[in-house]
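Asker: So you can see what is in the structure, the chains are spelled out below.
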Amino acid sequence: MKFGTYKSMYEKMKTSEEMDKRIQENVMNYGSQKRKMNYVRLAYRMAAVIVVTMVMLQVQPIRAAVDKVITHFTNQFEILWQGKESTVIEMEGDYLEISPKAKKKECKMDSVSQISKQIGIHLLQSTEAYETRNCISYYPYVSESGALNGIMLIDHCYAMGDLKNAKMKTYSSVSESSSITYEKGEKYSSPISMQITIRSNQSDGVDYNNHELEYAGTNWNLTEGDGISDINLREITGLGVNAVLFTVESSGPIVWYAEGIEENETFTTAMFIYKGIEYIYNGAVSQDTMVEFLNTLE
Amino acid sequence: MESYLSAQDFLEIYRKYKNLLYRIAFTYVKNNEDVEDILQEVFIRRLYKAPIFEDGEYEKRWLIKVTVNLCKNHVKSFWQRNKSNIDDLTEVLGIEYWDLDSEEKSVFSEVMSLPAKQRVVIYLHYYEGYSCKEIAEIMKSGESAVKMQLKKGRELLKKNMED
Numbered sequence: 035m036k037f038g039t040y041k042s043m044y045e046k047m048k049t050s051e052e053m054d055k056r057i058q059e060n061v062m063n064y065g066s067q068k069r070k071m072n073y074v075r076l077a078y079r080m081a082a083v084i085v086v087t088m089v090m091l092q093v094q095p096i097r098a099a100v101d102k103v104i105t106h107f108t109n110q111f112e113i114l115w116q117g118k119e120s121t122v123i124e125m126e127g128d129y130l131e132i133s134p135k136a137k138k139k140e141c142k143m144d145s146v147s148q149i150s151k152q153i154g155i156h157l158l159q160s161t162e163a164y165e166t167r168n169c170i171s172y173y174p175y176v177s178e179s180g181a182l183n184g185i186m187l188i189d190h191c192y193a194m195g196d197l198k199n200a201k202m203k204t205y206s207s208v209s210e211s212s213s214i215t216y217e218k219g220e221k222y223s224s225p226i227s228m229q230i231t232i233r234s235n236q237s238d239g240v241d242y243n244n245h246e247l248e249y250a251g252t253n254w255n256l257t258e259g260d261g262i263s264d265i266n267l268r269e270i271t272g273l274g275v276n277a278v279l280f281t282v283e284s285s286g287p288i289v290w291y292a293e294g295i296e297e298n299e300t301f302t303t304a305m306f307i308y309k310g311i312e313y314i315y316n317g318a319v320s321q322d323t324m325v326e327f328l329n330t331l332e
Numbered sequence: 027m028e029s030y031l032s033a034q035d036f037l038e039i040y041r042k043y044k045n046l047l048y049r050i051a052f053t054y055v056k057n058n059e060d061v062e063d064i065l066q067e068v069f070i071r072r073l074y075k076a077p078i079f080e081d082g083e084y085e086k087r088w089l090i091k092v093t094v095n096l097c098k099n100h101v102k103s104f105w106q107r108n109k110s111n112i113d114d115l116t117e118v119l120g121i122e123y124w125d126l127d128s129e130e131k132s133v134f135s136e137v138m139s140l141p142a143k144q145r146v147v148i149y150l151h152y153y154e155g156y157s158c159k160e161i162a163e164i165m166k167s168g169e170s171a172v173k174m175q176l177k178k179g180r181e182l183l184k185k186n187m188e189d
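Protein sequence lines correspond, in order, to chains A and B.
Take the position in the first sequence, starting the count at 1, then add 34; the result is the number in our numbering.
Take the position in the second sequence, starting the count at 1, then add 26; the result is the number in our numbering.
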């Protein structure tokens, strides 16, 4: 590598005056006003070339007569393969009643069942789950008026399958990432990660199209042939729902800092909605192995 | 919220470390919008939540650690992780104001195409001059893992630059 060029390149990478001004103002005003989230990134992501898109058809809970709230929305996946006709897949999601006991601060939790009890909603759990203390990151999304818009749960090491010598470090603070080392197994070349998204019916009129929870299902860019392939619809027989599965080239989450893993593995991603809740699982396993795992959910 | 630092002290610290932390954060997350969120959080922690530092080196390393941690967590959801694309970023967000020349742009593209772990390890070692042991402490990983990332990253860069 040309280290002189490398150094001069980094020398030139500097904050702009506008960025300095915004950061300084926000930091100095911290505590006296709510920090502003930066949504510019949404704009460019939305503008990127869309080959597979998911469109939320109905995003707002509609208050109908007799004080009843309609709490459904539809995720529509339009899959456009190169040179083929498009396919549309629809999945029904719900705005759910989350218990007032649900935590409104981000934290680490020990198990899906612990969270399930606290929020008063049944969440799918795998009989193969690898759950340890502080293994799940719990991210509530709270509006300025204090309403709970939704909850996102993430566990990068939810299932270990046949991985060997797995050693995991977890931390109680959400700002501390877990780390894990392991050796590949026959079927699993990485853990399977889990992401669960629950949208609340106390959403306070939030526009999910311009919200962090929007990432959980309203727009998704996949380009077949650009590291994305083999998009399939597979049935999870135990649950009676279909999951969208596809294969993606990726280096995986940072916490998969294993000595044995290749930098770019082939990962299978599975996503589906069950009883109104979005579930996404991702891991360096075959699609058949992923389906086997999905069938352990109950 | 109270801080033991005066506004003037804070601005001095900001000026001293902003570019170092910017480079680390950008090297990790590869776009200015996320970097801005991260830097904002780092300096909020420095102003309101940091311990009193005995010396500048301790403070610098504390700031780097917080930045690395926030970067690891920032791209937390599956969707965010998989949306980054260097072509989109360079084109849409624009890196032109850095005024990189063509050779630097070429190195930039090669560096940014490496896996995140390798990019950051290479930056901390070759630009900031940290040893593998020190990087292991900052990244919360083993020294051998850092050495491996450094070796792999260097080989990959060398190969790509020769192609």
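Hints were generated in silico from the structure; no laboratory data involved.
It is possible that part of the hints are untrue.
Unchecked claim - Derived lysine to aspartate or glutamate pairs resembling DMTMM-like cross-links, with alpha carbons at most 20 Å apart:
| # | chain 1 | residue 1 | chain 2 | residue 2 |
| --- | --- | --- | --- | --- |
| 1 | B | Lys-86 | B | Glu-38 |
| 2 | B | Lys-173 | B | Glu-160 |
| 3 | B | Lys-178 | A | Glu-217 |
| 4 | A | Lys-55 | B | Asp-35 |
| 5 | A | Lys-201 | B | Glu-169 |
| 6 | A | Lys-48 | B | Glu-154 |
| 7 | B | Lys-44 | A | Glu-326 |
| 8 | B | Lys-44 | A | Asp-264 |
| 9 | A | Lys-221 | A | Asp-264 |
| 10 | A | Lys-221 | A | Asp-322 |
| 11 | A | Lys-151 | A | Glu-165 |
| 12 | A | Lys-218 | A | Glu-326 |
| 13 | A | Lys-309 | A | Asp-128 |
| 14 | A | Lys-218 | A | Asp-322 |
| 15 | A | Lys-41 | B | Asp-127 |
| 16 | B | Lys-44 | A | Glu-45 |
| 17 | B | Lys-178 | B | Glu-160 |
| 18 | B | Lys-56 | A | Glu-51 |
| 19 | A | Lys-221 | A | Glu-299 |
| 20 | A | Lys-48 | B | Glu-80 |
Asker: Hint by hint, say whether it matches the structure.
Answerer: For each hint, the structure was consulted:
Restraint check for Lys-86 (chain B) and Glu-38 (chain B): the C-alpha separation of about 13 Å stays at or below 20 Å, so the hint holds. Proposed proximity of Lys-173 (chain B) and Glu-160 (chain B) is supported: the alpha carbons are some 11 Å apart, at most 20 Å. Of the pairs offered as hints, the one joining Lys-178 (chain B) and Glu-217 (chain A) holds, with about 19 Å between alpha carbons and a cut-off of 20 Å not exceeded. Between Lys-55 (chain A) and Asp-35 (chain B), the direct Cα distance comes to roughly 16 Å. Compliance with the 20 Å bound is thereby established for this hinted pair.
At most 20 Å may separate the alpha-carbon atoms for a hinted pair to count; Lys-201 (chain A) and Glu-169 (chain B) meet this at roughly 16 Å. Straight-line distance between C-alpha atoms of Lys-48 (chain A) and Glu-154 (chain B) comes to about 15 Å, which keeps the hinted pair within the 20 Å bound. Straight-line distance between C-alpha atoms of Lys-44 (chain B) and Glu-326 (chain A) comes to about 48 Å, which puts the hinted pair past the 20 Å bound. Only pairs whose Cα atoms come within 20 Å are accepted, and Lys-44 (chain B) paired with Asp-264 (chain A) is rejected, the gap being roughly 44 Å.
Using a Cα cut-off of 20 Å, the hinted pair Lys-221 (chain A) and Asp-264 (chain A) holds, with the two alpha carbons roughly 18 Å apart. Distance restraint check for Lys-221 (chain A) and Asp-322 (chain A): the Cα-Cα separation of roughly 10 Å lies within the 20 Å cut-off, and the hinted pair is therefore satisfied. Between Lys-151 (chain A) and Glu-165 (chain A), the direct Cα distance comes to roughly 16 Å. Compliance with the 20 Å bound is thereby established for this hinted pair. The suggested pairing of Lys-218 (chain A) with Glu-326 (chain A) holds, with an alpha-carbon distance near 18 Å, which does not exceed 20 Å.
A distance of roughly 7 Å separates the Cα atoms of Lys-309 (chain A) and Asp-128 (chain A); the hinted pair therefore holds under the 20 Å criterion. For a cut-off of 20 Å, the pair hint linking Lys-218 (chain A) to Asp-322 (chain A) stands: about 17 Å separates their Cα positions. Proximity of Lys-41 (chain A) to Asp-127 (chain B) is assessed by CA-CA distance (about 13 Å); at most 20 Å being required, the pair is judged to hold. Restraint check: the Cα-Cα separation between Lys-44 (chain B) and Glu-45 (chain A) comes to about 13 Å, which is no more than 20 Å; the hinted pair holds.
A C-alpha spacing of about 19 Å is found between Lys-178 (chain B) and Glu-160 (chain B), which places the hinted pair at or below 20 Å, so the restraint holds. A C-alpha spacing of about 19 Å is found between Lys-56 (chain B) and Glu-51 (chain A), which places the hinted pair at or below 20 Å, so the restraint holds. With a C-alpha separation of about 13 Å, the suggested pairing of Lys-221 (chain A) with Glu-299 (chain A) holds against the 20 Å cut-off. A C-alpha spacing of about 27 Å is found between Lys-48 (chain A) and Glu-80 (chain B), which places the hinted pair above 20 Å, so the restraint is violated.
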